Amino acid sequence: MWKGKGLEVDLSDGSVEKIETPSSFLRDFLGGRGLGVRILTEHLGAGADPLSGENEIVFATGPLVGLTPLSARCAAVTKSPLTGTILDSSVGGSFGVWMKRTGWDFVCLKGRNKEPAALILDDSEAKIKPAGDLWGKNTGDSFDLLERSYPGSKSFVIGRAGERKVLYACAISDMRHAFGRGGIGAVMGSKNLKAVVVKRSKARPLPLDPTAFEKAEKEAIRLIRASPVLSGGLKSYGTAAIAGVVGYLGIMPRSNFRQVGGKCELIEGEQIARSGKIRRRPCHGCPIGCKRVLLKEETSEDTGEGGKQREIDVPEYETLWAFGPNLECEDLEAIFEANRICNEYGMDTISAGGTIAACAEEDFERLKEKGRLAQWLKRIGEGEDEAGQGSARVSPKTSMTIKGMELPGYDPGGALGQSLSYATSNRGGCHLRAYMIGPEIMGKPKQIDRLSFAGKPGLVYRFQNLAAAVDSLIMCKFSSFALGEEEYANLLSAAVGEYYSPEDLLKTGERIYNLERLFNLREGFGKKDDTLPERAFERVDREEFERALFEYYCWRGWDEEGAPRQEKLKELNIEPL
Amino acid sequence: MWKEISRFGKKLVETGLTHSHFGNISMRVAYELIITRSGSMLDEIDANQVVRVGLFKPSSLDILASSETVVHRAIYKETSALAIIHTHSPYAVATSLLEEDYFEPVDSEGAYFLHKVPIVVGGIGTGELAKNASFALKKHKACIAKSHGVFTVGSTLEEAYITACMTEHSAMVRYLVKMAETTMRGK
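Here the protein sequences line up with chains A and B, keeping their order. Once you know that position 404 of the first sequence is 404 in the numbering used here, the rest is easy, because the numbers rise by one and skip nothing. Once you know that position 184 of the second sequence is 184 in the numbering used here, the rest is easy, because the numbers rise by one and skip nothing.
Possibly wrong hints are sitting among the right ones.
In silico DSBU-like cross-links for lysine-lysine, where the CA-CA straight-line distance does not exceed 35 angstroms [unchecked claim]: (1) A:Lys215 <-> B:Lys3; (2) A:Lys477 <-> B:Lys116; (3) B:Lys3 <-> A:Lys277; (4) B:Lys178 <-> B:Lys3; (5) B:Lys131 <-> B:Lys178; (6) A:Lys477 <-> B:Lys178; (7) B:Lys57 <-> B:Lys3; (8) B:Lys178 <-> A:Lys263; (9) A:Lys218 <-> B:Lys3; (10) B:Lys57 <-> A:Lys263; (11) B:Lys77 <-> A:Lys218; (12) A:Lys446 <-> B:Lys57; (13) B:Lys178 <-> A:Lys397; (14) B:Lys131 <-> A:Lys296; (15) A:Lys263 <-> B:Lys146; (16) B:Lys178 <-> A:Lys446; (17) B:Lys57 <-> B:Lys131; (18) A:Lys215 <-> B:Lys146; (19) A:Lys110 <-> A:Lys568; (20) B:Lys57 <-> B:Lys178; (21) B:Lys138 <-> A:Lys446; (22) B:Lys77 <-> A:Lys277; (23) A:Lys477 <-> B:Lys146; (24) A:Lys218 <-> B:Lys138; (25) B:Lys116 <-> A:Lys218; (26) A:Lys110 <-> A:Lys277; (27) B:Lys57 <-> A:Lys477; (28) B:Lys139 <-> A:Lys296.
Treat the hints as calculated values from the structure; they're not laboratory data. Owing to the predicted nature of the structure, the values given are computational and were not obtained by experimental measurement.
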């Protein structure tokens, strides 16, 4: 459901304005990513410096957040300092639910604080409070202080990487969940915004049609339980299970994409499970619980006391790959430590690993020296290493990026639909825009031939639209392994009391995607950027790719240069920027 | 082994025991099982349409395996089956909706070989179905998941296949007899 109200906060003068969320924004863009994109494109002019006070960040919840399992996320939309494109990101954990309970559809932040500050939200208002005591601290220490100051609250913070404007710095919530990719943390750092805190609220969001919602939710849960991806591999081993699948199918990139193939048992779920006691740490209300921690007994030598247990975050597949096979690293402890450092400093692990890979690819052996990777990451986090600028800037010849964002651990040549999805992603080298890994690798919703471009442009178009809608509801991306547009539309209709057909939902996603595209076109992106890194064309036929891209543009209703035609904008009810 | 699975997958579809996209087949190999992939078509199985997953512990490749893998695992753990076939046989499914805990075949061969066929409850791919089906198959060669489909076991795929055919045949005969009785009573 929607609350119909939001906050506009000017950090420069400390003013907070409560505003009514325009109903057309909610109806046509839903919430989360869509709402953030709509607001940002309304406010932000062309050419804004992402690290200036001119840039804005919109944090938004969605109509399903807090109502149903797999819906605990919060979205953030801004202009990326890493890529210069529009950027949306979302964080799991519990923050989204807490924010939803306060009743704000969105919070839009602009300007820049003169001094470090934190934004404190509750049901009725937002306040900007000094955060000098937090500034300079990494995320763990920041959370400790905030929990003492605001017991029972939820927050997200930046670490020293964000303060030092590492271009792929992220914000961290609930100790281990990240607004990842693209540099949300750097934007916050540029605004001297250390944290956003949401106080506990007693309110509970409710669907407007509880009977219909109960029916739709029951159906969704039934499908989630029956999904082998969700209730099989991910539930058993978290996303490390994906390492097993990617290795089995021979599409795991290695050594900065110089090689592809082979298994890497070191990072597979079964191997990690053998490394100790593993516990789930699910997002709020999630029955799957893909996030894991390893419980480590601390000895009296470590702490002076005996029998204490420490939780060590088990990295996600993308992180395991980025610091593992991508760097030819075979030391699981080093990979875990790299993940810990990135969480502490607040850095995106895919970009960190990808940048290090690009810089060090001539000498991975040296990187294997004990502690070297950890030291490098800390220097990046402290703003003392140019690798904090991202691989496209510091090592363009070996950089595996698209639109400046580093690629994750799926070989473009091993899943051609995924390669097209990478190239046409509005935020750069991201696997989640269409997540063609679903049908091409996991066979969800249906298995398709991953080594052919045939039919892929239409599928990429469709899945990008669906993903944009799902990111706006906001439901966890993994839910799409079980649910389709029909289930999402039923949940949405019951939640907001207004009918959305499956086609309406897809159309909404298409609208969001096109608005993002207009933003990027205005920033100078175009067909030349809808491509793959040169190295990828060693395994992807360039001519076939170009034909697929052309067909994709046709599906999108865009011209030969990848610009939406007027008829398409009219159909989607979008005004040119 | 995928070739055996492929052979019987084709037979299941050709004989109408299940449609191409429904049902699944597995064979046990020591401490693992080979099972059809989720979304595979049973009449087009090749080496890429089956996966090998652990028997006693979940595997990463469960992501690719049939959504009923948890049921197959439970059956192998609780019985001495070496092969399992799961179909969505229409008459068996219909019978499961008309009866309660089991149905008794009325045809002589069905009665002789199957005795009673238990009807169990549990959603697709759930622990509940795994527990109920595996328990039923300790004592019977076939069971029907209510409103869903048939699970049969055997020491070979052929044996499981024969039981699947027999179950559907018996369910059909029983259904036709009941229909005829109802029609005659109506007159």
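ask   = Can you list which hints this structure breaks, lowest number first?
value = 1, 2, 3, 4, 6, 8, 9, 13, 15, 16, 20, 26, 28
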